[in-house]
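Undergrad: Given next are the chains, with one letter for each unit.
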Amino acid sequence: MLKKSLIALATGLALSTAAFAQDKIDIVFIGKNTGNPYFDSLTKGFVEACEKIACNFEFVAPATAEATSQIPFIEAQIQRGVDVIAISPNSPDALNQVFDAARAKGIIVMTVNGDITGNESHRDLTILPTDFTKVGADQVEMVGSLIGYDGEIAILSATTEAPDQNFWIKGMSEAIKDPKYAKMKLVATVYGDDQPEKSTTEMEALLSNYPDLKGVIAPTTVGVAAAAQVVQSRGIADKVKVTGLGLPSEMRDFVKDGTVEAFQLWSPYNEGWLAAHLAVDLKAGKAKNEVGSTFEVPNLGTITINEGNSINTQSSLTTFNAENIDQFDF
Amino acid sequence: MSTTGAPTTPAAAMHEAAPARPVWHVALVRPETMTLVLLIVAIIVASYLSPYFLDIGYILRSFTLSAEFALVALVLTMVIIAGEIDLSPASNMALSACLFAWAQASGIPMPIAIAIGLLAGLAMGALNAFMVIALQLPSIIVTIGTLTLYRGLAQIIAGDKSIRVPDWFIGIDKVMVLGIPVPVVIFIVAALVLGLILAGTIFGRQIYQIGTNEVAARYAGIRTRRIKLTLFLLIGLVSAVAGMMTASRLGSVRYDLGLGGELQMVLMAMLGGTYIFGGRGTILGTFLAAWLLVVVSTGMTVANLLPAIQLTVLGVLLIVAIIATNFIYSRTQR
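From first to last, the protein sequence lines stand for chains A and B.
Per this note's numbering: the first sequence = residues 32 to 361.
Per this note's numbering: the second sequence = residues 9 to 342.
Hints listed in this document are in silico derivations from the structure and should not be mistaken for laboratory results.
Check each hint, because a few of them may be wrong.
[Claimed, not checked] For lysine to any residue, the following SDA-like pairs were computed, each having C-alpha atoms within a straight-line distance of at most 25 Å:
hint	chain 1	residue 1	chain 2	residue 2
1	A	K319	A	I84
2	B	K169	A	T220
3	B	K169	A	G202
4	A	K314	A	T349
5	B	K169	A	A168
6	A	K136	B	K169
7	A	K208	A	K245
8	B	K169	A	G339
9	A	K201	B	R172
10	B	K169	A	T148
11	A	K55	A	G66
12	A	K201	B	L68
13	A	K201	A	T349
14	B	K182	A	S152
None of these values were measured; they are calculated from a predicted model.
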């Protein structure tokens, strides 16, 4: 029985490797960790693009999102000889050396949905969903409008070193200095490590430590869902406003029952869709990875490569609320 | 076994009547054999799973990712054989690497910075030893405490930022000796030296003695405290070396360097047949187990298997190893 299934497994793998032999390019996307629904949507973008254009796609991810857990996966892809590594990096610098090794083998390394800020020279290009420099300010404005620009707010983030979240949090602490937000006070930043249980515990702790808390920004999909869950089960939606960056599919029920009034995000699907198209065009010589050059992506139009070889799939955050949430299915 | 026909008391005669284990039995029925068999099976299965696996260069490169933990696991094996445990080495690696990186970043000359890192490692080993030996506290509790403490101190020093190391210091894993990456060479040399010490010296025999029966060992005139102190200092020092090797491989240092590594180290020792209650185990076993772990995880990663499957396989491996170790010891050490 075991032998049979092993043989079946081996044959399956042999078949899948045979498929590699065609002219299609091999793209692999390395997620932050498994069990993160956000990446399902991003991956779907890759998968559906590769059904239409000349690429084979695989998704892999480590079990945990700690700084070095992606290194063995990158080494493995180098060994497999893929053409393009797309990755949502778990660390802004621990991957530098292995990125260099991959690029030395002619592999295109693109960071997707997050960049290695400060170490941009170690990757070829980055695909970001939106202009990340505006995210912090947008989120402060969002929570401000929900609490009437008055009261204590807190941030529930991912891990202490998540590069994007830290960049946005920096943006938030800059934005809140604006006189418009003079009555708002950022009292705490806590980290739920992108784990539902830890995020829930941190949210509970925020509520106990800051009884006057008016608003919580959770700029991570796991965190905002956990925070909304806590507010829903305590029935305190009128006292504490939760907002942040969330997935419409996970937040729909909270928006429908009034736990969350509004939250923001972009389309992760488009990132995967764009990344796959760009990868194929780059390998085919149809697009050039140069600042200022442009290329066409079906459904998204003309995309420009910006300063720092950075590409945005949309210009500003999309706000989701009771009126529009049913239009989004990711 | 005595074969002379000298008159003996009935009890002694009964005792001597137990048949001796044949030589092949002594040589082959031991936990390391199981580890070796598992290693061979793992290599065969991994080669089946992915055509990209069986490449010695790739396997060696992959081993460099675990070489630091494997190095510490060798010393940990000796600590466990002596009847103690140390769960703080991974945190020690982070703190000593942070101190080293912080020192060189603030302008202290490199040799002194390295010395600071090594001394920090020694000091952390000494603190563990003080609490375990002088205060007579259980080492598992002490080192769970220092695991958290050292990691916390590392975070205080480094904060959420990473500290860079100079370019020339980066890339120990890219330097080759006879085609083998330096971290792997260090691991092999350390295994040879420690293996000889443990199996071939009086000091080594005394470590087994302490782990088998500490009270008896003390009455037999063995300086148990001094030996344990030596082991805790050694694991502290080696952890600091491992921390700096990691810093060189990654090119930067963060407080979370080597996070969770203590589990991998214990896993290597257990897979190699080291007995968790002390007195039994070998460096060879841990040496083989380190390769086994690398082969298993690398084989599954390069075949793009899901992490959930990988975790399950590792869990099953550990349980198999523990059952086999206990079974073998109960059969052979009556």
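Undergrad: Which constraints among the numbered hints does this structure fail? Numbers only, ascending.
TA: Hint check: 4, 6, 11 and 12 fail, others pass.
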